[in-house]
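Engineer: These two chains come separately, so use the hints to put the complex back together.
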Amino acid sequence: MIVKEFWALLRDKRGRIVLFVPSLLQLFVFGFAATLEVKNFDVGVLDQSGGRAAIELTSQLAGSPAVRRVVRLGSMQEVRAAIDNREVIAALVLQPDFDATIARGGTASVGVILDGRRSNAAQIVGGYLQRIAASTGAVLRPQLRQPPGESITVNWFNPNLTYLWFTLPGLIAIISVVSGISVTAQSVARERELGSFDQLMVSPLRVPEILAGKMAPPIAVGLINGTIYLLAAKLVLGVPFTGSVLLFYLSLLMFLIALVGVGMFISAASSTQQQAFLGAFLVAVPVILLSGYASPIDNMPGWLQTISLANPARWFLELAVGLFLKAMPASEVFARIVPLMLIAAVTLSLGAWLFRARME
Amino acid sequence: MQAFNRRRVAAMIGKEARQIIRDPSTLLIAMVLPLMLIFLFGYAVSLDTARTRVGLALESDSAPALGLAQAYQRSRWFDVRMARSVAPLRPLLVAGRIHAIIVIPTDFGQRQARDGGAPIQIIADGSLPQTAAFAAAYAEGVRASWARAEATGGLRHPRPAIDLAARFWFNPELKSHYFLVPGAIAIVMTMVGTLLTALVVAREWERGTMEAIMATPVSMAEFLASKLIPYFVLGLLSMTLCALAAVFAFGVPFRGSPLALLLIGSAFLMPALGQGLLISAATKNQFVASQIALISAFLPSFLLSGFLFEISSMPAPIRALTWLVPARYLIPSLQTVFVAGDIWPLFLRDIAAMLAFGALFFALTFRVTRRRLD
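Those sequence lines, one after another, are chains A and B.
With our numbering, letter number 207 in the first sequence gets 207, and the count goes up by one each step, no holes.
With our numbering, letter number 56 in the second sequence gets 416, and the count goes up by one each step, no holes.
Chain B with its partners taken away, still in its complex shape (with noise of 0.2 Å):
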């Protein structure tokens, strides 16, 4: 191989560059998406539950059913829709207008005065598993809470033996978008370094441009530092941009060092830069490479990071398929250095596992790119 000529490289790196501030769809990518993203995991994707709609099947008018029936109008988790019996609110469930229907059956006056405590019923729409399963909660919440102010004065309840007390650590507001927007970080850094990378090389083989560059004295190392080194700067700035407007606009706590943001970052770079440069040598399509790209980059970093799912719940092969995606190294890393602080062992331990992946994308790519030049 030739010599490691820095400045046929600089120059290689010049061209690259402008063709980058040319391009405008590029700088769109590196710079609006990543602000569109932190705003859209900022207000759009919540997970925090805002007054869920409910309907409440009122069937008996004794005074502790209508004491109750009040108890869910003043709650804060509830926007109640009264009815008298279930067979009105049924269409509403299946429009979706509603997504719970509590039932307070009619013997719940009698079963209150003789028993002290009446069971209700409720039908929650498990088409949307996840709101189905907090209606239900919260809708018995109510209920416990409510029985239990009733009780009082009457009669004495055993105090209970065990009582938890549960501190959260790092996020005591348990605002979802603290760790949405780390992710996003995540899934904008995937898009710079994979889909564009992949995109770019590709295009350099569909127009034939590469076998030009092969014919010129550049060696393929200097090549691959000429493409990567742009992307890897501009990778860097999405980052610092995503960082910036998470901070400052929508209050997410930085309590790492820049450093540490910085390290991690650039560990993530490289096997997202590798996979690109991989994707392209081995399809040299551009349409071929973005699908591709989409599938084996973006997908994954967004549904099998741990990023909105949680790895653990998956079942045991996809768990095993999750280890082969960077991203997952990065995600911990980052929601750490935002919300929690350095923590060097855990950095350390996922900046090995992504240089590794990265080392392993270039191996690959120098193979397939050298195998067909021969």
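Bound-form chain A, shown alone (with noise of 0.2 Å):
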């Protein structure tokens, strides 16, 4: 029965490339898209000034990393015509007196303007904006000594932040919920469409074998577009594994299990492909938006806060950065484990008890 079921996924060539191909892709090209840092940003400057202190602030801001260019404009028409048709994401507007009032000693107010359209790059871009400004100020005004102190920040497990390290093992999540659920909800509404269903009822198979050889293909396609990330997290991209990797297999393989409880469901409630791919789906994108994966859980509010404890992709995204990363001990790993274990509990029998129910 496995054989056949694993036949029955492998036997289009097309349907092959499209299970293993794909994740190799979405590894590469979605891991480096998906960063929430912002950088390369082209900056509007309306000098107004023109003074020695004008051209400080802009070569200062030309020359930093993030900002890829500087546009000069030459009127306020022209700075809401770049703002509104996103040439750039800010503006700096330099007064006339600009230069009058640093030469005199006092404190000269530039006006920025952001587009708000896109506020959270916004505010990055602004925060950015500051420390140009900053360190400006400095060279403008060497006596002006910084009070001492300033804090010191060390960020254990990732020291530069690198976007990509908390990408990839949130990745290895993503493709697992969309691969798991969406291949065993097609399976047994393909057989229904296909009439292949009835012939499997009055087959000498009993109901847990049937369960059991829909669930292992997608079990290990699974398992193998893990390793694949795995291996190819820590080879090629060099994101470390500091955990346990018996471990990291034992959540992935409870994950699973519990993604698999979810796609039967789903497929033994369709009738047709159609209903079982689109049912999948409905039920995929909440649990990959609530997984915190595209956002902090911690900014939810706090009642979808309670309900994404029943989300297994929260308890599995913990855990792959935890042992990705943090080498999280065998303690707080099972401390996780044991959720996503009720959770497939629930999923399976709910998904074997449909299943059950429309066979009869």
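Certain hints may be false.
With a straight-line cut-off of 20 Å between C-alpha atoms, the simulated SDA-like cross-links for lysine to any residue are [unchecked claim]:
no., chain 1, residue 1, chain 2, residue 2
1, A, Lys39, A, Leu161
2, A, Lys39, B, Pro479
3, A, Lys234, A, Ala327
4, B, Lys644, B, Glu564
5, B, Lys535, A, Asp84
6, B, Lys535, A, Val71
7, A, Lys39, B, Ile671
8, B, Lys535, A, Asn120
9, A, Lys234, A, Phe32
10, A, Lys39, A, Val71
11, A, Lys39, B, Ala496
12, A, Lys39, B, Ala497
13, B, Lys644, B, Gly568
14, B, Lys535, A, Leu36
15, B, Lys644, B, Lys535
16, A, Lys39, B, Ala526
17, A, Lys39, B, Gln490
18, B, Lys535, A, Asp298
To be clear, the hints were calculated from the coordinates, so they are not data collected in a lab.
As the structure is a computational prediction, the values presented were derived from the model and not from experiment.
Structural biologist: This is the structure in structure tokens:
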């Protein structure tokens, strides 16, 4: 039975390619794309002063590694158009008395207009500009001494805050959700649509055997994808893996079982492949969005944080990040595997129950 | 090619529309998914950081150290857990129960008294880079403003040369759902346009009803039109639903004109539907079509469109790749029509790009389907 299911999945050459190649492609494309850093942006400058201090500020801007291009703007109309058309994310407006004020020893106020349509990126850009303004100020007025102090920041587990180190373990969770749920969901629906499901029912196989046969391939696919990711992350992309490999596989297995249970439930509930696929999608999207990958769980309202406790992806994401970067000790790992097992037990029994109910 | 027979097309559209209405899953995707996504992006996916849980290792008993510790406890950015040293806080950081440790060192009091300022140490959880950067920046901010308050009355600092006064146009309160919710609309339209279409036409091939249609006098153009028009209408309906929910349930402003939104949405549906048709015609298998649609349409519109992640921050090869994602042209226009207003130069540029992609996908679909007919 299990062999037959593997054949069904792997029979189609394109189906085979679709299961494995994209996961590698995703690893590289989306791994690098998913960054919340902001760099390489264009800034506009409307310089109505034109003195030494203004030129110093502009050249400090142009010299900053995060800024790609400094666009000179001639008037407020041009500032407006550059922001409106998204040519620049921010524009500095230097008043005509900018140089005079600084020469007098006063504080020159510079207006910064930021594109609030991209409020998150704009805030980060605003922070960069503040720092550039402060360092320009220090150049212009060397006697200005910062009060001593300033904190020393150390980042444990990921010293340079490389975003990829967080993205990759997260992608293992995402790809498992997408393929785990959708492959399972379509397996039963496909047989039903093609009519081969009836043959299965008259065969001497018992329901648990059929279920096991349906569950094995998606779990195997998930484990293989997980292995590919693990190897690629460590060997190609240099993401450290500090935890126990054995515990990683145990977590992945529990996670996949929980997902397959969800997929089985959808599969049993739908009568066509289209329904199964769309149903899988409808479930996969909130599972991914509430996992903490796209935005921190701490930012969600309290009741949604409670709901996210039932989300297997949330637990697995913590496990994956912990095992990759934080050398998570076994006690912490098991504290997360237990909820994952509970979720798996619930989804599996629901899936099996509906499957049985639909067979009769 | 045969003439475009309007009556025939109308009959086919009728058939397609009945199929859509009969199958609850289609309506589920077109109506429930939009609302669910808007809801999730309105509530769940928030980039507006709430209080960050941090540990505070207070190694010094001096008055300034206690004063600074109090400043952290009062801060609205942090939820502070106190300890006498780093050791008991370390496992909490590993477990993810706190996201940073602020260390006020033993010599803090002496140095503060001697130099008028003393450093502290911030240990952030680098496994969550975004939270780590945030925690470090705000922890330093709290220390700096505490130090300034301490210093007033004592030393007078010279005034800084430049002061930046930041103004955020369009979204002065910096609400992240102002840009997330329009982004969710793009995802919904990709779903309806590409995924649904890919599945539906692939099903015709898989079940063999495609050959039956080909044996009838219906021409290829008529067939494609009859497939497209119902999903086009469905796509616009979902978009309207999303827009209404965004504005009335989540208070996202709508400063542009409905006409502009309609034009932008219609323009995007061209490449979306074209891509769906192309995938289905090329694969002829529902399972493969669905997986390819997921990977080539859904994930890129989520990750490569500039909706969550800034395109300019991506490495150059991936930045080049984003030019091929139709959703990349939809997101700026959608965000603009909601929060900024009608900025036609921007809209027209994006609409032209989307229509060009649409034309390309349709041309390819024609080629693929025609070849199979011979």
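Engineer: Does each hint fit the structure? Answer for all of them.
Structural biologist: Okay, the hints, checked on the actual structure:
1. The suggested pairing of A/Lys39 with A/Leu161 holds, with an alpha-carbon distance near 14 Å, which does not exceed 20 Å.
2. Pair hint A/Lys39 plus B/Pro479 does not hold up; C-alpha atoms about 29 Å apart against a cutoff of 20 Å.
3. Distance hint between A/Lys234 and A/Ala327 is fulfilled; the C-alpha atoms sit about 14 Å from each other, no more than 20 Å.
4. Between B/Lys644 and B/Glu564 the CA atoms are separated by roughly 8 Å; this keeps the pair inside 20 Å, and the hint holds.
5. Taking the CA atoms of B/Lys535 and A/Asp84, the gap is near 19 Å; set against the 20 Å cutoff, the hint holds.
6. Among the hinted pairs, B/Lys535 with A/Val71 is inconsistent with the structure: their alpha-carbon atoms are about 27 Å apart, more than 20 Å.
7. Straight-line distance between C-alpha atoms of A/Lys39 and B/Ile671 comes to about 9 Å, which keeps the hinted pair within the 20 Å bound.
8. Our distance criterion of 20 Å between C-alpha atoms is met by B/Lys535 and A/Asn120, whose separation comes to about 9 Å.
9. The straight-line distance between the Cα atoms of A/Lys234 and A/Phe32 is roughly 15 Å, inside the 20 Å bound, and the hint therefore holds.
10. With a CA separation close to 16 Å, the supplied pair A/Lys39 and A/Val71 stays within the 20 Å bound.
11. Between A/Lys39 and B/Ala496, the direct Cα distance comes to roughly 19 Å. Compliance with the 20 Å bound is thereby established for this hinted pair.
12. Between A/Lys39 and B/Ala497, the direct Cα distance comes to roughly 17 Å. Compliance with the 20 Å bound is thereby established for this hinted pair.
13. For a cut-off of 20 Å, the pair hint linking B/Lys644 to B/Gly568 stands: about 10 Å separates their Cα positions.
14. Of the pairs offered as hints, the one joining B/Lys535 and A/Leu36 holds, with about 17 Å between alpha carbons and a cut-off of 20 Å not exceeded.
15. Restraint check for B/Lys644 and B/Lys535: not satisfied, since their Cα atoms lie roughly 44 Å apart, outside the 20 Å limit.
16. Between the alpha carbons of A/Lys39 and B/Ala526 the distance comes to roughly 19 Å, so the proposed pair stays at or under 20 Å and holds.
17. About 14 Å separates the Cα atoms of A/Lys39 and B/Gln490, which keeps this hinted pair within 20 Å; it holds.
18. A C-alpha spacing of about 17 Å is found between B/Lys535 and A/Asp298, which places the hinted pair at or below 20 Å, so the restraint holds.
Violated hints, in rising order: 2, 6 and 15; the structure is consistent with all others.
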